[in-house]
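Protein chains in written order, with the numbering used here: chain A, 1 to 262; chain B, 263 to 481.
You may find that some hints are simply not true.
Stated by the list, open to error - Each pair of labels, with its calculated beta carbon distance range: (1) B:A323 - A:C222: 26 to 32 Å; (2) A:R109 - B:G415: 30 to 36 Å; (3) A:D146 - B:E272: 32 to 38 Å; (4) A:S34 - B:T412: 48 to 54 Å; (5) B:G431 - A:E152: 19 to 25 Å; (6) A:I228 - B:H361: 25 to 31 Å; (7) A:E116 - B:K402: 28 to 34 Å; (8) B:E272 - A:D35: 55 to 61 Å; (9) B:H300 - A:K90: 41 to 47 Å; (10) A:D55 - B:A323: 39 to 45 Å.
Quick caveat, the hints were computed from the structure, so don't treat them as lab data.
Note that beta-carbon positions come from the ideal geometry of N, C-alpha and C, so glycine has one too.
So you can see what is in the structure, the chains are spelled out below.
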Amino acid sequence: MGESGEGLGREGGLSSGMIDKIVPSLEAALADVSDGSTILVGGFGGAGVPEELIDALIAQGAKDLTIVNNNAGNGEVGVAALLNAGRVRKIVCSYPRLADGYVFERLYRAGKVELELVPQGTLSERMRAAGAGIGAFYTPTAYGTDLAKGKETRVIEGKGHVLEYPIRGDVALVKAERGDRWGNLVYRKSARNFGPTMASAAKCTIAQVYETVELGGLDPECIVTPGIFVTRVVKVPRKGGSWTPAASVTRGISGRAAGTGR
Amino acid sequence: MSYAKLTRDEIAKRIAQDIPEGAYVNLGIGMPTLVGNHLPKDREIFLHSENGILGMGPAPAAGEEDGDLINAGKEPVTLLTGGAYFHHTDSFAMMRGGHLDIAVLGAFQVSVSGDLANWHSGGDAIPAVGGAMDLAVGAKSVWVMMEHLTKSGESKIVPRCTYPLTGIGVVKRLYTDLAVIDVTPRGLAASRLISGLSFDELQRLTGVPLLPSGARAAA
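Chain A extracted, bound-state conformation:
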């Protein structure tokens, strides 16, 4: 990533003047994403997916990407569209098996995309660790299972633990509800999901918002992601229409997963 802020984590450099992380377009927000980047993509099912940023990333053309997301896309939108466009080398996720996750399934079975399967809490904690400067951590999750194979383990207070390393993003793409020019963000309902953690875990965090407000327009007691974690904010138009089964990631997994997976 080009960091024109030169270590200040912002675009303005050392010169005085107003800090404004709000960029005028999706193209401007994503202009410097490089091939081979690791990209943290927010969203759980259909909630909180930064679809406009993903579409703009496809248009931008970066390839050979590692995508970190809870799922592996559904239908032909969002992460599935990125996969379909042949831009993804590897996906790191907890739940790639969705009823209409056929794009991932086709590429995975053809050996065209690598999968690193991570328990959801470990996925989230690995990104938290990256954002918090933690070198690694031990967790009992997955101890003794196939997902701990090849990993260091240790018994702590009588309980088996697995050593897990941070996941750092070059870029995080996050969907928030509202933001200001300092990059402070608030989210909406369960669309918050991975957003705050991913925002902290990437070198460059780009947030798409439906509304931008003046400084002071967000209650400081209620800001969820403080601007220090955010590099750029881009406003996108709110889509019309409410929830439809087709707009949500279908569940369709309960029958096959004994009602346990996510």
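For chain A, the structure is supplied; the task is to place chain B on it using the hints.
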């Protein structure tokens, strides 16, 4: 003797009645979700959803769905008055940090020592784990809701899981369509056998030795 296996709703009802007031509970998607429909109206129980909800309410009325308010199964839900939203890392701190009282999960198999296999059917299925392993090790009590037998009549309660493990020694209690079975240091203790089912018949159907325990209540 003849007996009628419990329906999924009847199993869900049994589980719901056993959840005490004030409990923080995560219901796995699929079959365990049914438990939410049977929670006693006179108890306050906090439902947790891993995607950042405490105080999750029932499905909204048709036309009231909100794509930003979904449960772990990605279905639209509501928030009870007093409920809260939070981000994923906080949510999994609740799950992994021992803050949830009960997780109700489905299962492919449970072993005599409480090993749980519920995330992967093996073979060439696309592997997907979600939050199953986090709940398995993190909740204070893991209850399994499942049919006692596979479709081909084999016991899902086994000496040793042959499906890939989700967690080792994590299951505390099983609710099946035939009985309630507690995982104890002495072994599996069966109780609340359904009406018309004898202990001997339950033992015959089950892949591992059972201990009789408690009164045999009708469903």
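Outcome of the hint check:
no. : hint                        : in the structure
1   : B:A323 - A:C222: 26 to 32 Å : holds, 29 Å
2   : A:R109 - B:G415: 30 to 36 Å : holds, 32 Å
3   : A:D146 - B:E272: 32 to 38 Å : holds, 34 Å
4   : A:S34 - B:T412: 48 to 54 Å  : holds, 50 Å
5   : B:G431 - A:E152: 19 to 25 Å : holds, 21 Å
6   : A:I228 - B:H361: 25 to 31 Å : holds, 28 Å
7   : A:E116 - B:K402: 28 to 34 Å : holds, 30 Å
8   : B:E272 - A:D35: 55 to 61 Å  : holds, 56 Å
9   : B:H300 - A:K90: 41 to 47 Å  : holds, 43 Å
10  : A:D55 - B:A323: 39 to 45 Å  : violated, 32 Å
Hint check: a violation occurs at hint 10 only; the rest are consistent with the structure.
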